[in-house]
Amino acid sequence: MNENHISIWNGGKTDKYYWNQALKEINLEMPFNEEIKPNDVNVQITNTNIKIYHCGVLKLEGMFYEEVDKQECVWSIEDKKNIIIYLEKKRENWWPCVIKGDTEIDTKNIESKKNLTDFDEKTQGQIRKFLLEQRMKNEGIPTPEDLRKQNIINNVLSSKGEPFGR
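In my numbering, each residue's number is its place in the sequence shown (first place is 1) plus 46.
Misleading hints may appear alongside valid ones.
Claimed, not checked - Computed list of lysine to any residue pairs in SDA-like fashion (alpha-carbon distance at most 25 Å, straight line): (1) 70 <-> 174; (2) 62 <-> 153; (3) 154 <-> 97; (4) 116 <-> 51.
Stated by the list, open to error - FRET-style restraints, in silico, Cβ to Cβ: (5) 109 <-> 152: 20 to 28 Å; (6) 86 <-> 150: 28 to 36 Å; (7) 124 <-> 181: 38 to 46 Å.
Think of the hints as simulated: they come from the structure by calculation, not from any bench. It should be emphasised that the depicted structure is a prediction, and the values quoted were computed from it without experimental measurement. Cβ coordinates follow ideal geometry from the N, Cα and C atoms, glycine included.
All chains should be modelled from the sequences, with the hints used to inform the complete structure.
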């Protein structure tokens with residue numbers, strides 16, 4: 047295979063293509079030993095399978111590990127020798143392979159970090175709040191929740207007839 051344009055981070059390679067993935071997408075690169083032209087390539091993607099023809103010859107065919115959203119899948123030719131395909135997964139999860147029957151990776155070894163910007167604004171706010179509170183706890187600084195609890199305890203202890211008899 048030629049020098050590839052995509053990394054195999056959280057993915058792998060087969061004898062026909064390289065691939066990588068995030069929770070919601072897969073990038074696949076299929077290198078060719080000869081120059082390819084857009085008119086010579088036919089890429090057919092459905093929600094469940096893929097077929098790639100070059101000059102009428104079937105080069106890749108298979109059923110996806112899980113469904114993709116075919117409306118969001120696109121392909122292009124890079125450096126006249128590589129087909130790059132973007133596949134959007136229907137479900138956010140890790141695939142052990144792109145095409146059923148191909149070599150599988152161990153999804154337990156996947157680096158599953160997600161960028162904060164991948165989350166919606168509400169979730170980003172909750173994550174930031176959690177991280178701030180964790181940092182405050184680690185530094186011995188009371189969190190807003192700790193202060194609220196302490197305020198309730200102080201109010202109970204300073205009230206008339208408090209049950210703890212100080």
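| query | What hint numbers does the structure not satisfy? | reply | The structure breaks only hint 3.
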